[in-house]
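Those letters in the sequence shown? Residues -23 to -1, 1 to 152, by mature numbering (1 follows the signal peptide of the UniProt record, and there is no 0).
None of these hints come from the bench; they were simulated from the model. As the structure is a computational prediction, the values presented were derived from the model and not from experiment. Heads up, some of the hints might be wrong.
Claimed, not checked - For lysine to any residue, the following SDA-like pairs were computed, each having C-alpha atoms within a straight-line distance of at most 25 angstroms: (1) Lys46 to Arg74; (2) Lys46 to Gln31; (3) Lys33 to Arg43; (4) Lys81 to Pro(-4); (5) Lys81 to Arg43; (6) Lys81 to Leu150; (7) Lys46 to Gly67; (8) Lys33 to Glu93; (9) Lys81 to Gly67; (10) Lys33 to Glu20; (11) Lys33 to Ser17; (12) Lys81 to Glu149; (13) Lys33 to Leu69; (14) Lys46 to Ala35; (15) Lys81 to Ala16; (16) Lys81 to Ile134; (17) Lys81 to Arg(-14); (18) Lys33 to Met95.
Stated by the list, open to error - Computed beta-carbon distance windows for the label pairs: (19) Ala136 to Gly112: 36 to 42 angstroms; (20) Pro129 to Asp47: 37 to 43 angstroms; (21) Arg26 to Ser133: 23 to 29 angstroms; (22) Arg26 to Thr140: 15 to 21 angstroms; (23) Ser(-15) to Asp47: 53 to 59 angstroms; (24) Pro(-4) to Asp89: 52 to 58 angstroms; (25) Ala16 to Glu97: 25 to 31 angstroms; (26) Ala30 to Gln152: 25 to 31 angstroms; (27) Ser17 to Pro94: 25 to 31 angstroms; (28) Lys46 to Ala136: 49 to 55 angstroms; (29) Ser17 to Asp145: 38 to 44 angstroms; (30) Ser137 to Ala30: 29 to 35 angstroms; (31) Asp89 to Asp145: 21 to 27 angstroms; (32) Asp145 to Gly32: 31 to 37 angstroms.
Glycine included, each C-beta is placed from N, C-alpha and C at the ideal position.
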Amino acid sequence: MQAGKRWFSRGLLLLAAAMPLLAACDAARENLAQAIRPASANEVAGGLRAQIAQGKFAEASAEGARFLKDQQDTSGVVAWETAKASAQAGKLDDAVRFAGLAVKGGTVAGVDLMGEPMLEPVRTDPRFVHLAATGGDTAEARVFDPVPAAAPAAASIGASGVTASAGDVAVELPQ
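Let the hints inform the model, and build the full structure from the sequences given.
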C-alpha cells in the first residue's frame, strides 16, 4: 500500500512540475497560430495606406494585388486602397478594375469615385466614367476600349458637382 501511495505522490509531483512546461507550449502554440494566420483585409488596407502615405505607390499596388489574388475582399477596403495606389503608379487598367471591386464591396459609392484626388489619372477613362455613372451596375456594363491619346478628355469638380468627359462619353454628377 505504501508503494502505491509513493507512486501516486511522485506522479502528482511530476504533473505539478510539468504544468509550467504545458503553459509555455500553449503560449508558443498561440504565437505560432498568430504568425501563420493570414492577415485580415483591414490589416492589409492599413499597411497599404501607410505605403501610399510614404509615396510607395508601386509597392502598395503590388501588395494589394497579391492579397486580392490570394484572398477574397468582400468589403472592398483592400481593392479601394489598391485602386488608388495603382492609379498613382500608372497602372490605369488595374486602377479601374480595383475601383470596380471597391464599389462592388460597398467601400465607396460610384459617384464618390470622381471626387477622389488619387484617381485623377483615370478620371477620363471611359470605363472609369461608366463605373462612376452606373455605380458598378453590371446590367449596364459594357466593354470599352481604352481612349486613344488624341481623344479629347476633361474632368472638373465645381460647385454644381463633378463633370467628366472622354471621347464621346460625358457624365455630370450633381453635388
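Quick rundown of the hints versus the structure:
As the CA atoms of Lys46 and Arg74 are separated by approximately 13 angstroms, the hinted pair is consistent with the 25 angstroms bound. At roughly 24 angstroms between alpha-carbon atoms, Lys46 and Gln31 fall within 25 angstroms of each other, so this suggested pair holds. Restraint check: the Cα-Cα separation between Lys33 and Arg43 comes to about 16 angstroms, which is no more than 25 angstroms; the hinted pair holds. Taking the CA atoms of Lys81 and Pro(-4), the gap is about 50 angstroms. The hint is violated against a cut of 25 angstroms.
Distance restraint check for Lys81 and Arg43: the Cα-Cα separation of roughly 19 angstroms lies within the 25 angstroms cut-off, and the hinted pair is therefore satisfied. With a C-alpha separation of about 19 angstroms, the suggested pairing of Lys81 with Leu150 holds against the 25 angstroms cut-off. Only pairs whose Cα atoms come within 25 angstroms are accepted, and Lys46 paired with Gly67 is accepted, the gap being roughly 20 angstroms. Under the criterion of a C-alpha separation no larger than 25 angstroms, the hint pairing Lys33 with Glu93 is consistent with the structure, at around 18 angstroms.
For the hint pairing Lys81 with Gly67, the CA-to-CA distance comes to about 23 angstroms; that is within 25 angstroms, so the pair holds. Restraint check for Lys33 and Glu20: the C-alpha separation of about 17 angstroms stays at or below 25 angstroms, so the hint holds. Between the alpha carbons of Lys33 and Ser17 the distance comes to roughly 21 angstroms, so the proposed pair stays at or under 25 angstroms and holds. At roughly 21 angstroms between alpha-carbon atoms, Lys81 and Glu149 fall within 25 angstroms of each other, so this suggested pair holds.
Proposed proximity of Lys33 and Leu69 is supported: the alpha carbons are some 16 angstroms apart, at most 25 angstroms. In summary, the hint linking Lys46 to Ala35 is supported, as the alpha carbons are separated by about 16 angstroms, within the 25 angstroms threshold. Under the criterion of a C-alpha separation no larger than 25 angstroms, the hint pairing Lys81 with Ala16 is consistent with the structure, at around 21 angstroms. The suggested pairing of Lys81 with Ile134 holds, with an alpha-carbon distance near 24 angstroms, which does not exceed 25 angstroms.
For the given pair, Lys81 sits about 65 angstroms from Arg(-14) by alpha-carbon distance, which is inconsistent with the 25 angstroms threshold. Restraint check for Lys33 and Met95: satisfied, since their Cα atoms lie roughly 13 angstroms apart, inside the 25 angstroms limit. Take Ala136 and Gly112: their Cβ atoms lie about 23 angstroms apart, and the range 36 to 42 angstroms is violated. In this structure the supplied range 37 to 43 angstroms holds for Pro129 paired with Asp47, their Cβ-Cβ distance being about 40 angstroms.
At roughly 27 angstroms, the beta carbons of Arg26 and Ser133 sit within the given window of 23 to 29 angstroms. Between Arg26 and Thr140 the beta carbons are some 29 angstroms apart, a value that contradicts the proposed interval 15 to 21 angstroms. Hint check: Ser(-15) to Asp47, Cβ distance near 55 angstroms, so the stated range 53 to 59 angstroms holds. Between Pro(-4) and Asp89 the Cβ separation comes to about 55 angstroms, which falls inside the hinted range of 52 to 58 angstroms.
A hinted range of 25 to 31 angstroms for the beta carbons of Ala16 and Glu97 is consistent with their spacing of about 29 angstroms. Between Ala30 and Gln152 the Cβ separation comes to about 28 angstroms, which falls inside the hinted range of 25 to 31 angstroms. The supplied range of 25 to 31 angstroms is met by Ser17 and Pro94, whose beta-carbon atoms lie about 27 angstroms from each other. For the hinted restraint 49 to 55 angstroms between Lys46 and Ala136, the CB-CB distance of approximately 41 angstroms leaves it violated.
Distance hint check: the CB atoms of Ser17 and Asp145 are about 43 angstroms apart, consistent with the given range 38 to 44 angstroms. For the pair Ser137 and Ala30, the beta carbons lie near 32 angstroms from each other, so the given range of 29 to 35 angstroms is met. About 25 angstroms separates the C-beta atoms of Asp89 and Asp145, a value consistent with the hinted range of 21 to 27 angstroms. Here the CB-CB span from Asp145 to Gly32 is close to 36 angstroms, well matched to the stated 31 to 37 angstroms.
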